[in-house]
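Given chain A, put chain B in place with the hints provided.
These are the residues of each chain, in order.
Protein chains: 2
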Amino acid sequence: MKTAYLISTGTELLLGLTLDTNSIFISERLEKLGVKVIGKSIVGDNKENLIKAFKLGLESADVVITTGGLGPTKDDLTKEIACEVLGIQSVLNKKVEDNLQNFFAKRNRDMPKSNIKQAMFPKDAIILKNSIGTAPGMYIDKGNKKTILLPGPPNEMRKMYEDEVEPLLIRELNLEEKKIATKVIKVIGPGESQIEEMIAEVMNNPNGCSIVLLAHEGEVHIRVTADRKDFKESQENLDIVVNNIIEKTSNYIYGYDEETLPSNIVKLLDKKGKTIAFAESCTGGLISKLITDVPGSSSVFWGTIVSYSNKSKIGLLDVKENTINKNGAVSEETAYEMAKGALKVSDADIGVAVTGIAGPDGGTEQKPVGEVYIAIAFNNYCTVKKLRFVGDRDAIRMLTAKSALDLIRKKIK
Amino acid sequence: MKTAYLISTGTELLLGLTLDTNSIFISERLEKLGVKVIGKSIVGDNKENLIKAFKLGLESADVVITTGGLGPTKDDLTKEIACEVLGIQSVLNKKVEDNLQNFFAKRNRDMPKSNIKQAMFPKDAIILKNSIGTAPGMYIDKGNKKTILLPGPPNEMRKMYEDEVEPLLIRELNLEEKKIATKVIKVIGPGESQIEEMIAEVMNNPNGCSIVLLAHEGEVHIRVTADRKDFKESQENLDIVVNNIIEKTSNYIYGYDEETLPSNIVKLLDKKGKTIAFAESCTGGLISKLITDVPGSSSVFWGTIVSYSNKSKIGLLDVKENTINKNGAVSEETAYEMAKGALKVSDADIGVAVTGIAGPDGGTEQKPVGEVYIAIAFNNYCTVKKLRFVGDRDAIRMLTAKSALDLIRKKIK
Numbered sequence: 001m002k003t004a005y006l007i008s009t010g011t012e013l014l015l016g017l018t019l020d021t022n023s024i025f026i027s028e029r030l031e032k033l034g035v036k037v038i039g040k041s042i043v044g045d046n047k048e049n050l051i052k053a054f055k056l057g058l059e060s061a062d063v064v065i066t067t068g069g070l071g072p073t074k075d076d077l078t079k080e081i082a083c084e085v086l087g088i089q090s091v092l093n094k095k096v097e098d099n100l101q102n103f104f105a106k107r108n109r110d111m112p113k114s115n116i117k118q119a120m121f122p123k124d125a126i127i128l129k130n131s132i133g134t135a136p137g138m139y140i141d142k143g144n145k146k147t148i149l150l151p152g153p154p155n156e157m158r159k160m161y162e163d164e165v166e167p168l169l170i171r172e173l174n175l176e177e178k179k180i181a182t183k184v185i186k187v188i189g190p191g192e193s194q195i196e197e198m199i200a201e202v203m204n205n206p207n208g209c210s211i212v213l214l215a216h217e218g219e220v221h222i223r224v225t226a227d228r229k230d231f232k233e234s235q236e237n238l239d240i241v242v243n244n245i246i247e248k249t250s251n252y253i254y255g256y257d258e259e260t261l262p263s264n265i266v267k268l269l270d271k272k273g274k275t276i277a278f279a280e281s282c283t284g285g286l287i288s289k290l291i292t293d294v295p296g297s298s299s300v301f302w303g304t305i306v307s308y309s310n311k312s313k314i315g316l317l318d319v320k321e322n323t324i325n326k327n328g329a330v331s332e333e334t335a336y337e338m339a340k341g342a343l344k345v346s347d348a349d350i351g352v353a354v355t356g357i358a359g360p361d362g363g364t365e366q367k368p369v370g371e372v373y374i375a376i377a378f379n380n381y382c383t384v385k386k387l388r389f390v391g392d393r394d395a396i397r398m399l400t401a402k403s404a405l406d407l408i409r410k411k412i413k
Numbered sequence: 001m002k003t004a005y006l007i008s009t010g011t012e013l014l015l016g017l018t019l020d021t022n023s024i025f026i027s028e029r030l031e032k033l034g035v036k037v038i039g040k041s042i043v044g045d046n047k048e049n050l051i052k053a054f055k056l057g058l059e060s061a062d063v064v065i066t067t068g069g070l071g072p073t074k075d076d077l078t079k080e081i082a083c084e085v086l087g088i089q090s091v092l093n094k095k096v097e098d099n100l101q102n103f104f105a106k107r108n109r110d111m112p113k114s115n116i117k118q119a120m121f122p123k124d125a126i127i128l129k130n131s132i133g134t135a136p137g138m139y140i141d142k143g144n145k146k147t148i149l150l151p152g153p154p155n156e157m158r159k160m161y162e163d164e165v166e167p168l169l170i171r172e173l174n175l176e177e178k179k180i181a182t183k184v185i186k187v188i189g190p191g192e193s194q195i196e197e198m199i200a201e202v203m204n205n206p207n208g209c210s211i212v213l214l215a216h217e218g219e220v221h222i223r224v225t226a227d228r229k230d231f232k233e234s235q236e237n238l239d240i241v242v243n244n245i246i247e248k249t250s251n252y253i254y255g256y257d258e259e260t261l262p263s264n265i266v267k268l269l270d271k272k273g274k275t276i277a278f279a280e281s282c283t284g285g286l287i288s289k290l291i292t293d294v295p296g297s298s299s300v301f302w303g304t305i306v307s308y309s310n311k312s313k314i315g316l317l318d319v320k321e322n323t324i325n326k327n328g329a330v331s332e333e334t335a336y337e338m339a340k341g342a343l344k345v346s347d348a349d350i351g352v353a354v355t356g357i358a359g360p361d362g363g364t365e366q367k368p369v370g371e372v373y374i375a376i377a378f379n380n381y382c383t384v385k386k387l388r389f390v391g392d393r394d395a396i397r398m399l400t401a402k403s404a405l406d407l408i409r410k411k412i413k
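So the sequences go chain by chain: A and B. Going by full-length UniProt numbering, the letters in the first sequence line up with residues 1 to 413, in that order. Going by full-length UniProt numbering, the letters in the second sequence line up with residues 1 to 413, in that order.
Excised from the complex, chain A in its bound form:
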């Protein structure tokens, strides 16, 4: 099995200004290719530490992949250090220089002089195109050690990985035919330890598969991986285990692998030819944001009233002032009227409303922070569910949004 060592550079990754999402993305993709990530190092924009990490990576793995440090600023050192560690000269690439000039011309901006640095490359390196930003990547093949340098901005790095790096790795590392089979089962409702109890039998006898549970924003993802002598055998082993898990958890499964709860809802609505409108209070637009993260959601999503104030609940959703005065803005009755209102002001088939107390303020003994009402209306039907979540503002808002989507999923089914 081929191995990889990942290096993420940038002082900001040690100071805590930003997340290292890059090595995570690359780990996931490499695993699918059957390349094992044996180590991960995070270093600042510091020459000495970067050299150490480079040497360690080159000593221990077949391929070293770095992200970051390819930009035009003084802190961007990765290319220079790769040349130094590998003993390769740096040369100007005229074509890349022209592309850089074009990039800035298209945006009606002059190219800052410092950007010329981005057209310098290790001699004989293969240049990897950056279709989003200004910093190209590169691939350096020296003996049996391969080095790949990628830009730091996640969207640039991802596009480059998908378009350029993956085909290159398959070719250059002579990756054998795909051997590993993987499936992620996505569950919503029960917690991690409850899921572990449900599938304890399978986990105790996993048929040679690895089973990993991950709790994330109210969901639990069950990742099953089989690594046998060939893909067919891996797939067969995987299927047995996956089917066993599905049997035990089927009530809570919303999807598999790349599927997300919002993408699943959009697909379901599209299949049934139904449209949806929301009335969001405590989630403040988050449900709509999640739905419209899905390209093509416009075919099923009419729109939303983010009725954060009582005035907007009354003015736009026809919630009766008396209902709010009597029961409060966070109540079964208000949620009911909000959902009915969403249906009324729109021509959507389904109206969904949420109202709750996201905190940190606004809770009382009767209605504590975390109390949430979700209403779903269609035709003459309307149902309201009361839920209570524990956590901070962000967590309560996300759990509310996810629960609303899950309720919709169950109702559509």
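In short, the hints are calculated from the structure, not lab data. Be aware that a few hints might be false.
Intra- or inter-copy, both count: the list cannot distinguish identical chains.
As the list claims (entries may be wrong) - Below are the BS3-like pairs computed for lysine-lysine, each with C-alpha atoms no more than 25 Å apart in a straight line: (1) 248 <-> 159; (2) 52 <-> 410; (3) 113 <-> 248; (4) 413 <-> 142; (5) 113 <-> 326; (6) 36 <-> 179; (7) 129 <-> 320; (8) 52 <-> 274; (9) 267 <-> 47; (10) 248 <-> 74; (11) 94 <-> 248.
Okay, now just chain B, sitting in the frame of chain A:
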């Protein structure tokens, strides 16, 4: 200067299922305390690798802080391994066991048997309260080596860090009086290399301060740090450099340190006693979500119409059908009428509308993906700005939202 070594555990961190936000948060907080993070290791739920990381950490730093692996499942190994490496016995804590029983009782759930593991602790460890989840943390003091074990879920870890760990570190590490002074200047508009050119003079002569630029979702954060013989001298050095940078970039600065663009807008509106309503098309609720991330935003935020479909633009915002037919839903004219509509249907003082093409589909040669219109209306005034962004769907939506907020900021000022 005291040093720390961070270990993040969890196979999911190597497989790419989740982000290691924990070590980032801790790095940032430690830096503020004047504790230097000298290394970071990410390991799977693998006994052997975890032991190696532990030993390395204990050898090289004054304090080792781990996150994750304190839960009830079989994969949760951190506590057991800490006992093994440090040569300490594990004992049952009755009080923690009772707390666990209460946690589940409050949620009307039986405690899974496996959770009892969470009440076992290294002998003489100080237990750190988890006010959100079930896994307490702990502090182990052995000779001159300190070990702190924290739970993996970020919201639990953060609360525990703030409430328990920080005071403990200050006390137990005998941290000298604060020496380091730091300021983050937050800028929106120009790119990283443009900012570097603007402040090139300061960067070439930084008065002994360190200056780090970070580009993040359309913003650039300029972090300046001074580390001199005492806090007063650090602060004096910092002030000179910060003032120089402010002078060069003042047109683009929206805030400092913990301030975010949305929190700044909420504060500005509150100060002026103005309320705001949005009409969002391509951003699909994202602007509202960002505004309502800010606790207390209800005092200035009337609500939003997420008018994702033409029907909702016409039906709720009174955009003329003819305007859309003639100019398209993504046009100056439609944005104008949406903002006017937001003002009309609400009783807010300011109406803001965005419409654009977020992609990946829907672009044409005349109106490519990334073309966006932002309109701001108040009283009888309405202005529309046309922008063009490059990037994927997520990036275009976020840049649009940020630009809208920045325009609002400029108008309010």
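(message) Check the structure against each numbered hint from earlier and tell me which ones fail, lowest number first.
(response) Hints 1, 2, 4, 5, 7, 8, 9, 11 contradicted; others consistent.
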